Amino acid sequence: MTNKILIIGAGQAGMQIADSLREEGFTGSITMIGDESQLPYQRPPLSKAFLYGEADEESLEFRNQKFYADNNIELVLGDAVVNISTTENGGVATTASGKTIEFDRMALTPGSVPRKLEIAGSDLDGVLYMRSLADARKLKERWEAAKNVVVIGGGFIGLEVAAVATKAGKNVTVLEGADRMMARAVCPFTSEYFKNAHERRGAKITLNARISHFEGANGKVSGVALEDGSVIPAEIVMVGIGVLARTEVANLLGLELANGAILVDEFAQTSNPLVVAAGDAVMLPNPTGSEGLVRLESVQNAVDQAHVAAKTLLGKRESYHALPWFWSDQADIKLQIAGLSTGYDQTVVRGNPDEDSFSVLYYKNGRLIAVDAVNHVSDYMAVRKCLTNAQTIPADAAADSSVALKTLVTA
Amino acid sequence: MPKVTYILPDGSETTLDARDGDSVMETAVKNGVRGIVAECGGACACATCHVFVADEFADVVGGPGEVEDDMLDGAVTDRREHSRLSCQIKMCADFDGLRVTIAPKQV
Numbered sequence: 191m192t193n194k195i196l197i198i199g200a201g202q203a204g205m206q207i208a209d210s211l212r213e214e215g216f217t218g219s220i221t222m223i224g225d226e227s228q229l230p231y232q233r234p235p236l237s238k239a240f241l242y243g244e245a246d247e248e249s250l251e252f253r254n255q256k257f258y259a260d261n262n263i264e265l266v267l268g269d270a271v272v273n274i275s276t277t278e279n280g281g282v283a284t285t286a287s288g289k290t291i292e293f294d295r296m297a298l299t300p301g302s303v304p305r306k307l308e309i310a311g312s313d314l315d316g317v318l319y320m321r322s323l324a325d326a327r328k329l330k331e332r333w334e335a336a337k338n339v340v341v342i343g344g345g346f347i348g349l350e351v352a353a354v355a356t357k358a359g360k361n362v363t364v365l366e367g368a369d370r371m372m373a374r375a376v377c378p379f380t381s382e383y384f385k386n387a388h389e390r391r392g393a394k395i396t397l398n399a400r401i402s403h404f405e406g407a408n409g410k411v412s413g414v415a416l417e418d419g420s421v422i423p424a425e426i427v428m429v430g431i432g433v434l435a436r437t438e439v440a441n442l443l444g445l446e447l448a449n450g451a452i453l454v455d456e457f458a459q460t461s462n463p464l465v466v467a468a469g470d471a472v473m474l475p476n477p478t479g480s481e482g483l484v485r486l487e488s489v490q491n492a493v494d495q496a497h498v499a500a501k502t503l504l505g506k507r508e509s510y511h512a513l514p515w516f517w518s519d520q521a522d523i524k525l526q527i528a529g530l531s532t533g534y535d536q537t538v539v540r541g542n543p544d545e546d547s548f549s550v551l552y553y554k555n556g557r558l559i560a561v562d563a564v565n566h567v568s569d570y571m572a573v574r575k576c577l578t579n580a581q582t583i584p585a586d587a588a589a590d591s592s593v594a595l596k597t598l599v600t601a
Numbered sequence: 003m004p005k006v007t008y009i010l011p012d013g014s015e016t017t018l019d020a021r022d023g024d025s026v027m028e029t030a031v032k033n034g035v036r037g038i039v040a041e042c043g044g045a046c047a048c049a050t051c052h053v054f055v056a057d058e059f060a061d062v063v064g065g066p067g068e069v070e071d072d073m074l075d076g077a078v079t080d081r082r083e084h085s086r087l088s089c090q091i092k093m094c095a096d097f098d099g100l101r102v103t104i105a106p107k108q109v
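Same order as they appear, the protein sequences are chains L and W. The opening position of the first sequence corresponds to residue 191 in the numbering used here, with each subsequent residue numbered one higher. The opening position of the second sequence corresponds to residue 3 in the numbering used here, with each subsequent residue numbered one higher.
Calculated directly from the structure, the hints in this document are not laboratory data. Careful: at least some of the hints might be erroneous.
Calculated pairs, DSS-like style, for lysine-lysine (alpha carbon to alpha carbon, straight line, at most 27 Å) [to be verified]:
| no. | chain 1 | residue 1 | chain 2 | residue 2 |
| --- | --- | --- | --- | --- |
| 1 | L | K330 | L | K289 |
| 2 | L | K575 | W | K107 |
| 3 | L | K506 | W | K107 |
| 4 | L | K596 | W | K107 |
These numbers come from a predicted model, not from an experiment.
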């Protein structure tokens, strides 16, 4: 009998597990521990609306204080689990502040931390990352005074911050180590568009960048030195070179890992039968039904996998099948991705990149598997609906941009 | 604070005080009103906060913007005449007493 559930990690996935447990009718105790002191909050706006000043800290909160009281969810904030042990039927966790929490079942939703760039000068003030509200506050405090912003890493986070900075009239340079932007997520065509689009909006972009060290004075960063000897002035350096799964608690429990992330099955079950895990820190069976394990760093995955994890905690096993989707707002460019394009063998481009509106459809063995849509919501929604219903759109017909995609959907 | 009433798919109603400037979606989600999923948190990227605005408020609230209009075309519950994504309706004094019906299926 499950009466006491402990959730470690108060981000999107942890929040959703707590909510889903109540929605499923669970009446036992729920304790959720988070190491930040704020009420659990949304991260995606940190690099967008929050930085623009369109969203304040309160508006980022998932739920208000009253919700947690009304739903009998005990929040332990600004604290972290330092010790944990389980037996066959339950376990006990001890926190840094000395709290002892007993549980019957446990959910692990620790999220991830930014990968650090460890080079000379990386501890200078002004070398920043973007993951938490604390990170975003640091960036905001330095924002007004900064004329020169260097973004290291041409991925989603880096480009989102670059877009805000360019719009604010700052000198922006993006340094990407690979030969194209967002190489892990999109095809070369989409990468090329984003390079051109950010350049047209005023950013300088260097691909194949080789960074030597940071320069500074009085403890503050003043520039980024490249291996060719050049120095790019910077009062702010935003490093966005990927994230690492947090596995501290998983390691205390001796859970099985895969590629540095917590391994789960299609029920969000870890190698410990009492423990489920969900969100960014997890390696899971591909939820689209294709072979292999994937790690999905997205809101959609955190939410949908959390539903599955909550059900597993309550003994209502339901395997995780969902269409991954994702978005990134970069100034006036709205990128929406549905499906996973890994392993594609054909692409079809619709619309016109020069007019900042197009989509790329990805095919594998003749079947549609994913879309990148740039300011092209109708194509995005058509593909999302089509893939959710396990349908396809013939590639030759899709190539005619004048025909609405939703009219071309077939079994 | 302007009031907004949510009519849930089961017919029950919840009335809340909205913070001025908060969206109809945020007001619901923060208070734990079920049925509005809002996975993207208000970025107009997911179409999971679909509501039907009551007829008497349709004019004052107005219709969807261009992006929202395309998102609504793909919403899981078919759109109706006064369909809106509730993340795009910001509460203000003019909307006091607003009534919205939550679409039965969001995902």
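- Those earlier numbered hints the structure runs against, lowest number first: 1
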